[in-house]
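Engineer: Take these sequences, add in the hints, and give me the full structure.
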Amino acid sequence: MTTQAPASAEVELSIGGMTCASCAARIEKKLNRMDGVTASVNYATEKAKVSFEGGVEVTDLIATVEATGYTAALPKPPVTEGGGAVQAEPADELAPLRQRLFTAVALAVPVIAMAMVPALQFDNWQWLSLTLAAPVVTYAAWPFHRAAFTNARHGAATMDTLVSLGTTAAFLWSLWALFLGDAGMPGMRHGFEFTIARSDGSSNIYLEAAAGVTAFILAGRYFEARSKRTAGAALKALLELGAKDVTVLRGGGEVRIPIADLVVGDRFVVRPGEKIATDGVVVEGASAVDASMLTGESVPVEVGIGDGVTGATVNAGGRLVVEATRVGADTQLSRMARLVEDAQNGKAAAQRLADRISAVFVPIVITLAVATLGYWLGTGEGWTAAFTAAVAVLIIACPCALGLATPTALLVGTGRGAQLGILIKGPEVLESTRKVDTIVLDKTGTVTTGQMTLLAVHTAGTATEAEVLRLAGALEHASEHPIARAIATAAAKAGELPAVEGFENVPGLGVQGVVDGHAVVAGREALLNEWSQHLPEALAEAKRTAEAAGRTAIAVGWDGEARAVLEVADAVKPTSAEAIGKLRALGLTPVLLTGDNKLVAEAVAAEVGIAPEHVIAEVMPQDKVETVKRLQAEGKVVAMVGDGVNDAAALAQADLGLAMGTGTDAAIEAGDLTLVRGDLLAAADAIRLSRRTLGTIKSNLFWAFGYNVAALPLAAAGLLNPMIAGAAMAFSSVFVVGNSLRLRRFR
Numbered sequence: 001m002t003t004q005a006p007a008s009a010e011v012e013l014s015i016g017g018m019t020c021a022s023c024a025a026r027i028e029k030k031l032n033r034m035d036g037v038t039a040s041v042n043y044a045t046e047k048a049k050v051s052f053e054g055g056v057e058v059t060d061l062i063a064t065v066e067a068t069g070y071t072a073a074l075p076k077p078p079v080t081e082g083g084g085a086v087q088a089e090p091a092d093e094l095a096p097l098r099q100r101l102f103t104a105v106a107l108a109v110p111v112i113a114m115a116m117v118p119a120l121q122f123d124n125w126q127w128l129s130l131t132l133a134a135p136v137v138t139y140a141a142w143p144f145h146r147a148a149f150t151n152a153r154h155g156a157a158t159m160d161t162l163v164s165l166g167t168t169a170a171f172l173w174s175l176w177a178l179f180l181g182d183a184g185m186p187g188m189r190h191g192f193e194f195t196i197a198r199s200d201g202s203s204n205i206y207l208e209a210a211a212g213v214t215a216f217i218l219a220g221r222y223f224e225a226r227s228k229r230t231a232g233a234a235l236k237a238l239l240e241l242g243a244k245d246v247t248v249l250r251g252g253g254e255v256r257i258p259i260a261d262l263v264v265g266d267r268f269v270v271r272p273g274e275k276i277a278t279d280g281v282v283v284e285g286a287s288a289v290d291a292s293m294l295t296g297e298s299v300p301v302e303v304g305i306g307d308g309v310t311g312a313t314v315n316a317g318g319r320l321v322v323e324a325t326r327v328g329a330d331t332q333l334s335r336m337a338r339l340v341e342d343a344q345n346g347k348a349a350a351q352r353l354a355d356r357i358s359a360v361f362v363p364i365v366i367t368l369a370v371a372t373l374g375y376w377l378g379t380g381e382g383w384t385a386a387f388t389a390a391v392a393v394l395i396i397a398c399p400c401a402l403g404l405a406t407p408t409a410l411l412v413g414t415g416r417g418a419q420l421g422i423l424i425k426g427p428e429v430l431e432s433t434r435k436v437d438t439i440v441l442d443k444t445g446t447v448t449t450g451q452m453t454l455l456a457v458h459t460a461g462t463a464t465e466a467e468v469l470r471l472a473g474a475l476e477h478a479s480e481h482p483i484a485r486a487i488a489t490a491a492a493k494a495g496e497l498p499a500v501e502g503f504e505n506v507p508g509l510g511v512q513g514v515v516d517g518h519a520v521v522a523g524r525e526a527l528l529n530e531w532s533q534h535l536p537e538a539l540a541e542a543k544r545t546a547e548a549a550g551r552t553a554i555a556v557g558w559d560g561e562a563r564a565v566l567e568v569a570d571a572v573k574p575t576s577a578e579a580i581g582k583l584r585a586l587g588l589t590p591v592l593l594t595g596d597n598k599l600v601a602e603a604v605a606a607e608v609g610i611a612p613e614h615v616i617a618e619v620m621p622q623d624k625v626e627t628v629k630r631l632q633a634e635g636k637v638v639a640m641v642g643d644g645v646n647d648a649a650a651l652a653q654a655d656l657g658l659a660m661g662t663g664t665d666a667a668i669e670a671g672d673l674t675l676v677r678g679d680l681l682a683a684a685d686a687i688r689l690s691r692r693t694l695g696t697i698k699s700n701l702f703w704a705f706g707y708n709v710a711a712l713p714l715a716a717a718g719l720l721n722p723m724i725a726g727a728a729m730a731f732s733s734v735f736v737v738g739n740s741l742r743l744r745r746f747r
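Its first residue numbered 1, the sequence shown is counted upward by one per residue in the numbering used here.
Because the hints were derived from the structure by calculation, they are not lab data. Note that the structure is predicted; figures quoted are calculated from it, not measured. It cannot be assumed that every hint is accurate.
Label pairs and their computed distance ranges (CB to CB) [as the list claims (entries may be wrong)]: (1) Thr453 / Arg744: 36 to 44 Å; (2) Asp307 / Arg98: 48 to 56 Å; (3) Arg544 / Gln622: 29 to 37 Å; (4) Ala67 / Lys598: 51 to 59 Å.
In silico SDA-like cross-links for lysine to any residue, where the CA-CA straight-line distance does not exceed 25 Å [stated by the list, open to error]: (5) Lys582 / Arg434; (6) Lys29 / Val360; (7) Lys582 / Arg745; (8) Lys543 / Lys629; (9) Lys49 / Ser8; (10) Lys573 / Glu602; (11) Lys598 / Lys698; (12) Lys30 / Ala106; (13) Lys30 / Leu178; (14) Lys698 / Ala717; (15) Lys543 / Trp531; (16) Lys698 / Asp437; (17) Lys698 / Ala585.
Don't be surprised by glycine CBs; every beta carbon is placed ideally from N, CA and C.
Structural biologist: This is how it looks when you write it as structure tokens:
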């Protein structure tokens, strides 16, 4: 693979070694300083999208990232699996982190217990604590030490710096106290006198602080990494939607080949129920094609010779022969995959609250610790008192409660959400919910059921509704068309359906056959007209009214006379109107966005209470993304609710993406929140829960820093008893956990 740059080029780099959002910002800043380079680095997807020109080469970009202290590489090419191009399955990158976490928890728990419970402090217990704490501070905490060293080399400090300095200082001071001070003497005990008095520290050890902080912070990192792991799954879900193999016509016969071997100009066969392999033009046959997964159009599209079809859509009717016009990366499915990727990479990486505060907090604490050391040495108090005070500053500032603030609230909030059918992907999602003021709703499968349903039966003459359903239902039962299935399903609920003789599908018009000795015709008005069965005025009016409301009207006749009109449509979910009312109550403006025609969209909007001016209809997938971008350009903060592949890119582009769990994998992976219930009421609950969880995280962070900031002056003055520091740290942790547990009562 060449790394020589053309005059102007764009490349995507996989970035390694980032531990927080500030790492992404630092890499982005370094790359953008290069002449002719524009870069965007996404911490969540661990990718950098770089545009460059002039004499810049990809090797220069990689060298710049590596000089910043991180790794960069061109993404590995896709591997072919089952004929379809998919990304190579990554190794379990969580395994090392999980191993370090388990080690830290298993060894830190007894260390903390012995330090805090006097009854467990047997003779020489401190040496067992040292034995258990040493692997935690060295092996388990190694990622923090490595990141702190890398940041220090480049003149930067993050939360890793504070964790590394605090745990190392606590551990090294404990070693000094054990081997050179009085702490190693048999019978040594940790006292619990809550007094503020100056101490020389030679008889105090801080092993529980060093081990406990490491375990808590590792737990937070592990849960964060686990939520980030699925960031790229949207693209894989999109690519896997396509057919894996295809039946092509070659040498006068049918040959089954992998989809990767298909070339432009090949003719391939699509049988009823099969996915269309790639974009092409119908050269033989006629059928109805279900394109809802790509276009959002709830009614299948009738296609015949000369009509274009799209890969990954489903043939719902007869046999088709299609000539391939686009294959591989040129297909609409692949273009949609690129849309999702662009939206993900273009989304501003939400910086985590703790990292934002630490950008100021960490340098201040380090400066204060150094100043404390210098002050005590300058006053002639000696190295022991000076070092004790400096270490106390680092220990009390070491973010034990801070490490719990985000993960505990997130764990409780997401756990409660799961019980209510709401899946929250990570802490970045919560920040978006607070600012959202506009919610864009996909129609099909979100506001509506996404399935064709028989809504009304209009009869004429002596025909009864039961008789119409029995005869029309029996006839439609023999068809594979989704509208036919809706009628047949409703008829079957009313009673057993008789057999059909001489069934015939009339392409693009309807069906006909003999049921119980009656010659029955069902379909478009034109089909009945061919049989001289003209609609009487009452049925013609019913048909016009149905079509004006955006519904599909099916005419039914038998024995030479038009007898009924059936109304079929994608029914509105019973809870949609109530849900939209609740979204308004949260301060959101609902907008209906759909690939369906304007008439259908406005009818649905009127039924659920959305204003006509907030209806956007007849849009293609790329138009959905543009609509979201346009709303964002107007200054709105946009949430998007959808369930289809056609919504995936828009879900990724939106400030907050809510995916219906009853929808496609691509939509679910592209969304920030997944609504398992498939009920729009869950969208209102999701935003409420997310806002509540974010509020809990903020209050946790406030109190966690509050304890540290309040105790820092005491530590700097050399007046902080180690046990008071330990008790304050423990209490702050208990407070944070208790505050988070209140989310379990969310209704």
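Engineer: It remains to establish, for every hint, whether it holds in the given structure.
Structural biologist: Hints and how they fare:
no.: 1; hint: Thr453 / Arg744: 36 to 44 Å; verdict: 38 Å, holds
no.: 2; hint: Asp307 / Arg98: 48 to 56 Å; verdict: 53 Å, holds
no.: 3; hint: Arg544 / Gln622: 29 to 37 Å; verdict: 34 Å, holds
no.: 4; hint: Ala67 / Lys598: 51 to 59 Å; verdict: 55 Å, holds
no.: 5; hint: Lys582 / Arg434; verdict: 16 Å, holds
no.: 6; hint: Lys29 / Val360; verdict: 18 Å, holds
no.: 7; hint: Lys582 / Arg745; verdict: 20 Å, holds
no.: 8; hint: Lys543 / Lys629; verdict: 39 Å, violated
no.: 9; hint: Lys49 / Ser8; verdict: 14 Å, holds
no.: 10; hint: Lys573 / Glu602; verdict: 16 Å, holds
no.: 11; hint: Lys598 / Lys698; verdict: 44 Å, violated
no.: 12; hint: Lys30 / Ala106; verdict: 40 Å, violated
no.: 13; hint: Lys30 / Leu178; verdict: 45 Å, violated
no.: 14; hint: Lys698 / Ala717; verdict: 29 Å, violated
no.: 15; hint: Lys543 / Trp531; verdict: 18 Å, holds
no.: 16; hint: Lys698 / Asp437; verdict: 21 Å, holds
no.: 17; hint: Lys698 / Ala585; verdict: 24 Å, holds
Hint compliance for this structure: hints 8, 11, 12, 13, 14 are broken, all remaining hints hold.
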